[in-house]
Amino acid sequence: MTTIEDGRGYGHQAGTPDPDLVEVDAGTPAGELLRRYWHPVARSEEATSLPRSIRVLGDDLVLYRSLTGTPGLMLPRCCHRGTTLYYGRVEDDGIRCPYHGWLFAEDGRCLDQPCEPDRGRNKDSYRQPWYPVVEYHGLVFAYMGPAEKQPVFPRYDIFEDLDEETEDIVIIDHFAFGGPSDAPCNWFQTHENAMDPYHVFILHNAISGHQFDPKLEIWPSIAFQRSEIGVTATQDRDLPDGTTLHRVTEVRVPTLRVIPTPTLSVLGKTNNMSWALPIDATNTRVYAMVRKPKDRPPQGLPVYDGNRSWFDLTEEEHQRFPGDYETQTGQGPITLHTEEHLSSSDRGVSIVRRQFKEQLVRMADGLDPVGVHFDEADAVQSVIAGNYIVGPDTDRSTIPLIESLDDD
Amino acid sequence: MTTIEDGRGYGHQAGTPDPDLVEVDAGTPAGELLRRYWHPVARSEEATSLPRSIRVLGDDLVLYRSLTGTPGLMLPRCCHRGTTLYYGRVEDDGIRCPYHGWLFAEDGRCLDQPCEPDRGRNKDSYRQPWYPVVEYHGLVFAYMGPAEKQPVFPRYDIFEDLDEETEDIVIIDHFAFGGPSDAPCNWFQTHENAMDPYHVFILHNAISGHQFDPKLEIWPSIAFQRSEIGVTATQDRDLPDGTTLHRVTEVRVPTLRVIPTPTLSVLGKTNNMSWALPIDATNTRVYAMVRKPKDRPPQGLPVYDGNRSWFDLTEEEHQRFPGDYETQTGQGPITLHTEEHLSSSDRGVSIVRRQFKEQLVRMADGLDPVGVHFDEADAVQSVIAGNYIVGPDTDRSTIPLIESLDDD
Amino acid sequence: MTTIEDGRGYGHQAGTPDPDLVEVDAGTPAGELLRRYWHPVARSEEATSLPRSIRVLGDDLVLYRSLTGTPGLMLPRCCHRGTTLYYGRVEDDGIRCPYHGWLFAEDGRCLDQPCEPDRGRNKDSYRQPWYPVVEYHGLVFAYMGPAEKQPVFPRYDIFEDLDEETEDIVIIDHFAFGGPSDAPCNWFQTHENAMDPYHVFILHNAISGHQFDPKLEIWPSIAFQRSEIGVTATQDRDLPDGTTLHRVTEVRVPTLRVIPTPTLSVLGKTNNMSWALPIDATNTRVYAMVRKPKDRPPQGLPVYDGNRSWFDLTEEEHQRFPGDYETQTGQGPITLHTEEHLSSSDRGVSIVRRQFKEQLVRMADGLDPVGVHFDEADAVQSVIAGNYIVGPDTDRSTIPLIESLDDD
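Protein chains in written order, with the numbering used here: chain G, 19 to 426; chain H, 19 to 426; chain W, 19 to 426.
Hints may be right or wrong, so weigh each one.
Copies of the same chain are indistinguishable here, so a pair counts whether it falls within one copy or spans any two.
Straight line, CA to CA, 20 angstroms or less: simulated SDA-like cross-link-like pairs of lysine to any residue [stated by the list, open to error]: (1) K141 / S199; (2) K312 / D136; (3) K310 / S362; (4) K310 / R173; (5) K310 / L257; (6) K375 / R365; (7) K310 / H155; (8) K375 / I190; (9) K141 / G25; (10) K141 / G27; (11) K167 / G27; (12) K375 / F329; (13) K167 / I22; (14) K312 / V170; (15) K141 / V108.
These are calculated hints, taken from the structure and not from any lab test.
With the hints as constraints, model all of the structure from the sequences given.
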């Protein structure tokens, strides 16, 4: 019997994901890498006196804000008898378990055990597992890694020195997926998409029409550069007036994406940044932070014909006008890397993957991954991404880092 | 690198349940122990000519009542070709499979095979797997253990000698969980709660207000006693008139809970008893049996402000006013015993667990577990629990068993 | 301790299915056998320019029809970066992935890679896994086995030589399950039911009333015959006029069922045929094809009292009036063959099972299973089933194959 090879599905072997890209649980290489960084876990207004169940990096947690205003983030299972602090009562000093009344401070110390003699002679020997949190421009960030590796909380130059009279910083939910803030797929599928400029011309233009600015339809000159802490993609477009539109997008280890404003309305450094939050291995949320003039509304939901949003589309319309949500979740809960056939246009994606995996090697060698700092003086980080107009007379030193990055 | 130990969640290892407390399936030690007792599996009115699917101890069963009035309990899968008797037709003598018409008596004997020659020359060699049932005051009880170990069906003194003129016995659904009759958690989580008097002062009073009688807010003197067949907890409260309110709660192996009437309206032996039915490892139903004057309504659903029941509460209200349902299901489908930190106030819970596990040792040694009897003369059992007023002149011998129990 | 054997459920061991009857996945013996035949996978009108997700033999596929009219059936995961072609754009020549625009022909060849240099210099080295399809009288059939074993597409004599003026052929959904076209159970449970004539007298008559033609209530003389490619059952009923109603039903390897018209309105060869499609191991669809006069409506949904359909019945009515759906799904997602007790009336079922499993032996021996042909001259197959009136003067040679079949 001669086997005929005509590429049909018979005999197709299902592929597997690359675990080093997609794992998020504690104890896995990638999960431990993710735990060396601060992650946004909720909007500030979601931390209230009513405890809230959240899931981060595959761990179920409870978030609350004590009556004196401090957010707290804890494992939900009370260390005493195991009921959930989701039903706990938030007080001035912390959260009290509803079952037998143990009271825990934000750092997990047990402050009261009302059913025990002397309200708990040994209460100092109990501690509710907790995580440190920081609030930053409307988001609650948590650090879920080892205490001795806790980095300083990073801030970003594009959000510093806010003119509170005229500017504000807002959190936008629908930034990444064109509608939903959450998508039922692994975080890396959305993360690497930010370093995939080619899909814009197909998905957002040729297939689904002008989802972004029509000016971006001109096919640009595309290049990728590696930096110490991430990857940038540059797109150069010659404009009719002889200048060049120089567009820089960046992706930073582990989950940060910085893109020029999609609408080209802001020249210079971008006004936004977003984080892919791995809720667990198969669910992702994206938080986007945008700095804007107070008198301008934040970027709204993308609009389809007749002023309808993604949420208004029928299933057929989602098929006819797919976007980021459809193509990213369409790879399945976790994509199967061994089935892929990467091509030259996937070069940015390849670099992002390689750089992420290099951090696993660093950690295996006992080094810290890139981008973490332990000195408060290093807290503010400088962003590169933006839209820049470059003419013959432009002082190129004002365009951040373009020349200093080596092409990979 | 020095590890900093500050109790944070990083490095927390998820615990495990104690299988000897939580398993219910046949073949497991605890599942075999449970199968040595009669369990309530349905209300009598649920056994009708319309077959009903029920699940008990992890086993799927079908319950019906033949047209002559006898309840039958069987494995649903017909022993012939495997369709379910849930679609069977109930007749005078039993239940007939709808597919090929085999008719089974309540004890599983095959009475007819209409498609076979002579309506089944060999029908005596087939038997549909069945279980014995007993009806008792409105509940159908089943014995699912080995035939040779079938105990006499236990009755209880508090339900004997009913004055049918003035009294009746009713089954109440919402007794244990403050609303639902079923909870999605292991049965032991609700069972041991009955021997945890301390939670009443926190959960039902301090956290969620006066869920029970305000008089019970006086912090009593609490003690625990072991008996042959269970555990009792006594609460003594000095009353203003110089007498003592002596309150006795008991828990019996395996699933029985007897508490004083919560409202103190009945002095002396209690009027109620309840059984935790392990539907399966992660679902539990509680049946409560209450004896009461005919002219008094049975205890209704607990009432929240504005005459609303548990079912009317919003999610936020469940969080603000948690009760037994929330704290017991809040431990998860099966609690993780290795994560617990039992304290002095958990002494009753510890005794209940220890005594249950001692039965597993007895069975491993070839002995019968406590509380089963094989002689009909031993069928009626005496209950201890109740509210008793003890004064200087009280004949303490009238208070059942208090002194006779050794403190564990 | 003496064990009492009274057939009770205690100690009952759960059975297992026979994998050789129920497996459908590629790589399993039965799954490979099924893959040697053409299967109906959709109605023709379901193949459109809007891609459709379907599941066949446990495999997820996407079906579409190119703008020039050719149906295509492919694995949904694009071979490039893994997003699903369910969101693809159907064009003249095939389907284009929405993410980076790779275009695939119906036979999987890659025709365009717009983001690659020269639109894909190496595009010939990529192929999207595909399956061949054939359209036949309103159904799309697919062959999912090895290329070198692809049989000619079988046609059937009862659907040949259609008089397009007066006749048409229609596809009926509710044929097998009395309402739904799909049932959540293994395909073999519905398939073997077609060779189980006895259940008709119990289920459809004694239990649930006259679901079919009242004339069929006369208990006939039943016999089974094996042929090369399947099994037939004959039912002979003596009619009052001295003739015999000779009814022939057949089942063919692997999934074909041919029954006489249930209503006896058509004498001679039957006008219908149906296929059990294993969607996956626990879900089955039945497609029925019926040839009929144009001026007669196709067989409608079975009607219950008051002109209600299966879908209108309450749960209690489904219990009181069970039919094929209830008894077949009532065996569970996959029946447990080792728990069965087959009897003399199950002889047809036994033969169907044995013959199916004999094909696994043939394949293990390197032979082709029965009923596949590789020569176009053998494409048209002759059907046996029908209702025949046999009188003393009947030329029995006009009744197809009855005598030529040996009783098994």
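Output the indices of the hints that this structure fails to meet, ascending. 1, 2, 3, 5, 8, 12 and 14
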